[in-house]
Amino acid sequence: AQSVTQLGSHVSVSEGALVLLRCNYSSSVPPYLFWYVQYPNQGLQLLLKYTSAATLVKGINGFEAEFKKSETSFHLTKPSAHMSDAAEYFCAVRGSGNTPLVFGKGTRLSVIA
Amino acid sequence: DAGVIQSPRHEVTEMGQEVTLRCKPISGHNSLFWYRQTMMRGLELLIYFNNNVPIDDSGMPEDRFSAKMPNASFSTLKIQPSEPRDSAVYFCASSGVISGYNEQFFGPGTRLTVL
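Chains as they are written, first to last, in the working numbering: chain G, 7 to 119; chain L, 3 to 117.
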């Protein structure tokens with residue numbers, strides 16, 4: 007079974023500051039990990055994914071995440087926040103094969119001018 | 003590609019009425035997922051299909067909920083009778099062997115309000 011814990015339901019940063027959204031996972035099998043972003047009244051858009059290749063994964067909009075097996079973490083970072091990054095971010099995990107995603111509760115990112 | 007299409011985008015109904023949500027997956031995708039999003043429970047899987055066959059419906063909350071996938075390009079989620087606690091955003095997602103199932107593409111969701 008898999009599960010995801012996102013630390014912090016709401017994170018607020020200043021424009022230009024570092025963004026760090028935390029995700030820890032639990033999985034009984036080698037995990038596939040994902041970060042999705044949801045803008046208001048929209049569906050979920052994939053930011054990036056870890057599929058057992060490189061541990062440092064680069065995604066869209068300048069985001070990246072590092073898979074750390076020893077820490078069971080997959081934190082999302084962006085060096086410099088932009089106002090347009092304000093949204094809800096979801097970390098998700100699944101096992102191998104074509105199985106459903108298990109989502110964390112989400113972290114709402116606010117960017118202050 | 004048009005992406006995953008869901009209809010309606012918004013649905014307001016009264017308690018006891020039947021509600022049908024519709025989803026058209028991306029062409030060529032053979033897996034389809036229905037998720038529900040609420041403030042209390044977040045995003046949770048309701049049911050998913052592989053090759054039009056339901057694989058896991060353990061997330062379907064009650065017998066009031068049913069889902070079908072009569073062909074590779076269409077799925078429905080039905081609630082009968084609806085209750086106020088069913089109010090949520092319902093997402094449909096699809097994935098396929100083309101991408102190694104490494105991404106699920108989400109539709110825009112149906113926002114359901116049951117009065």
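Since the hints were made in silico from the structure, they are not lab data. Take these hints with a grain of salt, some might be off.
Here are some, though not all, of the chain L residues that point toward chain G, as calculated from beta-carbon distances under 8 Å [as the list claims (entries may be wrong)]:
#1 33
#2 42
#3 44
#4 64
#5 90
#6 97
#7 108
Even for Gly, the Cβ is constructed at its ideal location relative to N, Cα and C.
inquiry  = Of the numbered hints stated earlier in the document, which are not met by this structure?
reply    = Of the numbered hints given earlier, those the structure breaks are 2, 4, 5, listed in rising order.
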